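Asker: Since each chain comes alone in its own frame, lean on the hints to assemble the complex.
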Amino acid sequence: MKILVCITNVPDTTAKISFTDSDTKFNKAGVTYICGPYDDYALSRAVELKEQSGGTVTVLNVGEADSEQVIRKCLAIGADDAIRVNCEPTDSYFVAQQIAAIASQENYDLILMGRESIDFNGGVVHGLVGEMLGIPSLSPVMKLDIDGKTARITREIEGGKEDIEATLPLVLGCQEPIAEWKIPNMRGIMTARTKPLKVVEPTGDDLTVTRKFELPAPKGAVKMIAADEVEKLVDLLKNEAKVL
Amino acid sequence: MLCLHNIFFISYIYVKLVCKQNNIQLLSAKLIISNHNSTMILTDNKASIKGGEFLIKDIDASQIFIPEEFSEEQKMIAQTCLDFVRTEVHPRLDEIDYAKDTSLMVSLMDKAGELGLLGTSIPEEYGGFGMNFNTSMLVAEACGQGHSFSVALSAHTGIGTLPILYYGNDAQKSKYLPKLATGEWKAAYCLTEPDSGSDANSGKTKAELTADGKHYIINGQKMWITNGGFADIYIVFAKIENDKNLTAFIVEKDFGGITMNEEERKMGIKGSSTRQIFFNDCKVPVENLLFTREGGFKIAVNILNIGRIKLASAVVGASKGVISQTVNYANERKQFGVSINNFGAIKHKLAEMIVRTYASESACYRAGQNIDDAIEDLLASGVEASQAKLKGVEQFAIECAIMKVHGSEVLDYVVDEGVQVYGGMGFSAEAPMDRAYRDARINRIFEGTNEINRLLSVGTIVKRAMKGELNLMPAAMAVGKEIMSIPDFNTEEEDGIFIAEKKVIKNMKKAILMIAGASLQKFMAKFEQEQEIIINLADMLIETYVAESTILRVEKLITTRGEEACSLQKDAALIYLHNAVEKLNNAGKSAITSFAEGDELRVMLMGLKRFSKIEPFNLKDARRRITQAAIEKNAYVF
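In the order they appear, the protein sequences are chains A and B. In this text, residue positions in the first sequence follow the UniProt record's numbering: the first is 1, and each later residue adds one. In this text, residue positions in the second sequence follow the UniProt record's numbering: the first is 1, and each later residue adds one.
These are calculated hints, taken from the structure and not from any lab test. Worth double-checking, as some hints may not be accurate.
Claimed, not checked - Straight-line distance between alpha carbons at most 25 angstroms, and here's what the computed DSS-like set of lysine-lysine pairs gives: (1) A:Lys16 <-> B:Lys75; (2) A:Lys16 <-> A:Lys212; (3) B:Lys583 <-> B:Lys522; (4) B:Lys206 <-> B:Lys244; (5) B:Lys334 <-> A:Lys16; (6) A:Lys219 <-> B:Lys633; (7) B:Lys503 <-> B:Lys481; (8) A:Lys223 <-> B:Lys334; (9) B:Lys334 <-> A:Lys219; (10) B:Lys633 <-> A:Lys16; (11) A:Lys28 <-> B:Lys75; (12) B:Lys111 <-> A:Lys182; (13) B:Lys111 <-> B:Lys179; (14) B:Lys283 <-> B:Lys179; (15) B:Lys75 <-> A:Lys198; (16) B:Lys633 <-> A:Lys28; (17) B:Lys111 <-> A:Lys50; (18) A:Lys182 <-> B:Lys75; (19) B:Lys633 <-> A:Lys25; (20) B:Lys75 <-> A:Lys195; (21) B:Lys179 <-> A:Lys182.
To be verified - To give a feel for the contact side, a few chain B residues facing chain A, derived at Cβ under 8 angstroms: (22) Met76; (23) Thr80; (24) Leu115; (25) Gly116; (26) Leu117.
Said to hold, decoys possible - Per the computed footprint, the stretches of chain B lying under chain A, defined by three or more beta-carbons under 8 angstroms from a beta-carbon of chain A, are: (27) 83-97; (28) 119-132; (29) 626-636.
From a predicted model like this one, the values you see are computed outputs, not experimental measurements. For each residue, glycine too, the CB sits at the ideal point set by N, CA and C.
Only chain B is shown next, with the shape it has when bound in the complex (with noise of 0.2 angstroms):
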């Protein structure tokens, strides 16, 4: 039988374990029993929103953004973008990916710059425009389906300005940030090396202190930098001495002691320069330490949490351009004497590949806005600008590792898709597909891979979990109450807007809750090894996010819009909703099966079944009229 009462000795086990890792007090076991005995919170709305905190929360669709809302402002600078894209990088995509050197990209980024597409994040007093994060993330959005163009661009301005903007003390924000908002420094980011890549911390490369303590002598090797070859300043992370964690340091090409290997020869975006990087006593001052001692690590790790959700915009823009390609090559090639719009095969893949990108979309800027208004409440409550921005993207780690995930899937879905309709096209090197299929694998690979991603979003719930900042345990403690009842069987009618789908989520909620709580309990401290079952949770909790933030979405643009407005968007929310549960599903029963054996695999694959419930829908009628709005517009149709 399943035993949801011991949850609370287990899970205090699994907060020392956690604890331990992370060198935290164990102060807030305390808080998770004052949680144990709190009700069920699956309502409770009255808070603001946290990170993670959609599990157990009902979000009400007001208090969700969706992209509907940007404003004309916010819209002309992501024309900006995509009309520079278009005009700039699309004609010259053979160019740049067979360049013989990276003088082409270089003056592609110096006339980003001149239009001040480099420095959109930067604060107005260090030459920037001090956009807003969801802002920020709709250039990314704009600027994605630059392929080559757009990688060299997001590591400039993320992975490579974003350290010195969020860690660096007055002197070296006013030194180097001003030229990297106009592109005249261009930065890269040297974390990984060739024995420590998703384990960053491992590095070899060293730093060590000069003997008159003015300079930092850094030795040891990177690879996989992105803008390595043309970069005037990079990010390095080393270990003084003999550390434990990593230490950062802004590291000017002129320094001396910096040499590179060729171009790497990559399967995708080759016209990104990607290069190994030696450092050989290469001398760096000691006023170019970034941040503190050993705090190397916690750099890496934030970048990237911002690194990761802005990639899940860039790839719902690089998502769209693909299915507009895809559509438009579906409306003009004829195969039996019709086009091949007209047959249901195609039809349903690009129903698909629209209703997905739309899907992840929808989660992005909701995420996104999530994130802007944490830093509103931090910097409300008097803490510095740089650190507010930062606090506020951690708190919400777990939605930007899912959004990584997801749109990198969704991108890599659409692409292949496109590559099918295309036919034989889609194969040749003369057509789109085979740059937009090569260029998208990367996606899943890079800032953090998937697998480290899915881990991340589940690890960070538990972890937060057991340190008290989410008050998961009564939401659990009830969902194992209730799969021990007799199922709620009530019909009442409530009126509303997605009353129906609503509750589904709510379910879905409740099997990932019910999953999470007992494999926690099964294999207590042994939990995170049990990555398998950790990823089929990842993929449950994916699926729910982006489903919610579909639906919600879709809501509240049929109250400002009303219904006939919005009915394709109503068939998008509902065709999301559908593959989701199913997903969930069967992820659930992988999970299930994976750790529980006889009364109580029955009882919780009962469950899941009632978790899973869903409504039948037309789903290919739906599919249809989504295909042939686009097929009418010539384009992605939302």
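Next up, chain A with everything else stripped away, as it sits in the complex (with noise of 0.2 angstroms):
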């Protein structure tokens, strides 16, 4: 089975969230990045499965080079090679282009991802990929079992759960319990510097800028009103917050 992960680079975390440049670029002095951690689950899987009934795992990153660090740790978990498409991942659209254009030279079984990146938190690309490609997409996936050209796929849904089946190739998007986060380890680590690393440019262009990042405002004090001042206080929801 040839399974694709799509990892992002974002800011860890606990980051602080500053903007330079007219507030158009986001700030990533002291900042530290990792693997999108809903990513990470796609990828420890993939990992799983691949030990379970043999296979390849390859990660791509739409990415910079500063991406690579991140990418060495995936391969240090258990992937076989990396693609790194090289250019900033500005939008969502932008980045299904680059997957699929990967994706579309390879006959990849399984291309998983996280459900949504945590910088941006789209959570449209797997839609985005699946759509380009012509196979189907599905989010969030829980659970995933596969038994031959068949995927048994457990989709968290609102109030609930929904159990799938569902013919390979397909695009998951993914989230915990869908694998035990994984750490890696010693041996995984120093053979993380051998496994291949390709680079590729991008295809395709950018269709959209950012012209302003904003962070949301701070936090106001908390007004404690009595117990039997409810008129007060609907008063203030009303005229101060404005939510009512």
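Answerer: Quick look at the structure:
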């Protein structure tokens, strides 16, 4: 089985967010980057599937050279090789285009990725890739088993779960608990440096330009209203907070 | 008056003393005669760096390793250790400390083994990963936040495994190392006895050869045995018959004759298995004698050198963890309507915690790389791999002792202030400072108490000087001459980074040489009985080494990243240097007034004043800048 796992290189969840260039660019200074946590689960499941029934796992990242640290970690976790599309991942459509361009050259049985990245949280790339390749896409996938050409999937839906059977190839957006989160072991780390990492140039054009980023307004002070002053509370919610 | 011109004669007497103590032939005295006539060597940089030489050599920033130079791969290794500790150990800290048996610790060690954390130092041919010394220090640091687990891990990988790795024969290595690398077998180290602690060679455990010459029968009692409750093999030190020195044995649990007391009840590291172990007619095959008969003390000493510097990096890891928790608490805790991080009293504490940890880290990896370089040199000259590692570490025994003391005392400072910032919650067992405070304390005791390590650091320098290995005498004599002359008022400005600060460090070294020279001269053969003065000198030595390492680290960083990007690091280096000079001055005064009188006292105090001069600097503002960055990062800042 050939599996492609698409990963994002995103700021650590505790990173301090600020912008430069008149609020048009994210300020990378002092920020630690990690593999998107949902992508991490997708990769872990891919490695588990490979361990169970053989095959190959290729990691794909649309990103600049500074992504390679995270890509190496994915190789250390158990991917066999990696491809980096050398460009800034400007928007979901652009990223999906790059993934589809790579995927169309190879016959992957499964294209896995996180349900969403944790920087812009678009959550649409899997759907777009599926459409571009003309194959089904499903998200968010919490459980995945493969039996020959059939995938048995459990998907989270509003207020419950849905069990689905689908035929490969598929594009899946993953989330926990699809696999046990993996820490790369020493042997994996030491072999990662010898695994191939191919860099390719992007195709297509950026369709969007960021005009301005804005941080949410800081949380204001909490006003405590006595339990017997409901009218005052309603007044404040209507006229000050303007939420009613 | 100070009579440094007599120092040669006196040092000759001391050589006799030291050599007698160490069964060393008096050949080295000649070397001192030749050294006596050489010129002042405070600026000699040509030769490769040797252990203890920092005291008499100017080291260029480009010559030292800084942690920022760790490769992506090394960082990934460290991250694996951190991830393991955070996901497997931290959620179970209470469970580990109050476990009724050792099964949880054993399962954690097994998981660490699966990840390869137990085999980092073991060569690939024996199932490990053959990483260099500095990487193994980085692993120790990354695992250092694991409380009792860290202790179990370092006892296994350090004192448990290394005696076999470095002193075992091929058969012993092939039999034991692969199982120790994976964690299938866990190891413990049995040196200490009820009446034999710091004086390790006085142990009473006996080994007697059986009549058929095939086994040794070991009888005796060992205590404070880390991992004792679950170890599969024990490195046991015993005296064969009436030998003067110890011999080491590899003892498998299944050899029989091993019983143990219940787990010790301890102040901290409660989850670490600590047992008293009894060997009653324990039958050990003769092939399990490790190294040579009576070679055990050498093993113990050399393995402890490694243990010391690895402990130093482990406590840096622990300090960083505690600092991050404390910064986070200071950010969240509100009093008088604002976060307590707004208060200068708190800012001061946070900055000092950060600065001292940063400094300790700087010196730790500088020494680690020196060890790696020494090992490489020895390998290149044809020395066998394990011997090269041992000799490489032994060469830096002084730095190992210095860093053990510094690191463990920084951690104790950090946890103490951590408790203080947490306030009432710091005293509550519900918050993390309670465990951090209790667990930190042992680090000043094991791997040689900090007192032993202080004595050792100065003692080794003196010993090496007397043996002619460390060219101390000309430098000491030059200092003697300098304090009798008019001070240098040359204020000509030189170009470069930290020019003034490096001059301060040079002077700190002079202060040490001045006091060491004079006190040695005063007490001669009785010098080693003057432990108070030796400890004063050790404090001066420690502060000088660490301050220099920090200054050099930041200088190297500035040359690659530019001054603006390193402003916080520069603040840290300057704060540390100012603190170090003050400590040096206090220790120096204490030493001088302990033995000098009259004119000599006055001259030396003036010399000390001259050698501990430093330009004033607004330390409060510098501390506030560091704290502010930590507050914004909500963690240890570097």
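Asker: Each hint should be assessed against the structure and marked as holding or not.
Answerer: Evaluated hints:
1. A:Lys16 <-> B:Lys75: holds (21 angstroms)
2. A:Lys16 <-> A:Lys212: With Cα atoms ~18 angstroms apart, lysine 16 (chain A) and lysine 212 (chain A) stay inside 25 angstroms; holds.
3. B:Lys583 <-> B:Lys522: holds (24 angstroms)
4. B:Lys206 <-> B:Lys244: holds (11 angstroms)
5. B:Lys334 <-> A:Lys16: holds (21 angstroms)
6. A:Lys219 <-> B:Lys633: holds (18 angstroms)
7. B:Lys503 <-> B:Lys481: holds (18 angstroms)
8. A:Lys223 <-> B:Lys334: holds (17 angstroms)
9. B:Lys334 <-> A:Lys219: holds (16 angstroms)
10. B:Lys633 <-> A:Lys16: The given pair, whose Cα atoms are some 7 angstroms apart, holds under the 25 angstroms limit.
11. A:Lys28 <-> B:Lys75: holds (19 angstroms)
12. B:Lys111 <-> A:Lys182: holds (12 angstroms)
13. B:Lys111 <-> B:Lys179: holds (14 angstroms)
14. B:Lys283 <-> B:Lys179: holds (22 angstroms)
15. B:Lys75 <-> A:Lys198: holds (22 angstroms)
16. B:Lys633 <-> A:Lys28: holds (14 angstroms)
17. B:Lys111 <-> A:Lys50: holds (22 angstroms)
18. A:Lys182 <-> B:Lys75: holds (17 angstroms)
19. B:Lys633 <-> A:Lys25: Holds: lysine 633 (chain B) and lysine 25 (chain A) sit about 20 angstroms apart, inside 25 angstroms.
20. B:Lys75 <-> A:Lys195: holds (18 angstroms)
21. B:Lys179 <-> A:Lys182: The given pair, whose Cα atoms are some 24 angstroms apart, holds under the 25 angstroms limit.
22. Met76: holds (5 angstroms)
23. Thr80: OK, holds: threonine 80 (chain B) within 8 angstroms of chain A, min 5 angstroms.
24. Leu115: Hint on leucine 115 (chain B): holds, closest Cβ of chain A at ~4 angstroms, below 8 angstroms.
25. Gly116: At 3 angstroms from the nearest chain A Cβ, glycine 116 (chain B) passes the 8 angstroms test, so the hint holds.
26. Leu117: For leucine 117 (chain B), the interface hint holds, since the closest Cβ of chain A sits about 7 angstroms away, which is under 8 angstroms.
27. 83-97: Per the Cβ count (3), the hint holds.
28. 119-132: Held - the stretch 119-132 of chain B has 3 residues with a Cβ nearer than 8 angstroms to chain A, which meets the minimum of three.
29. 626-636: holds (count 4)
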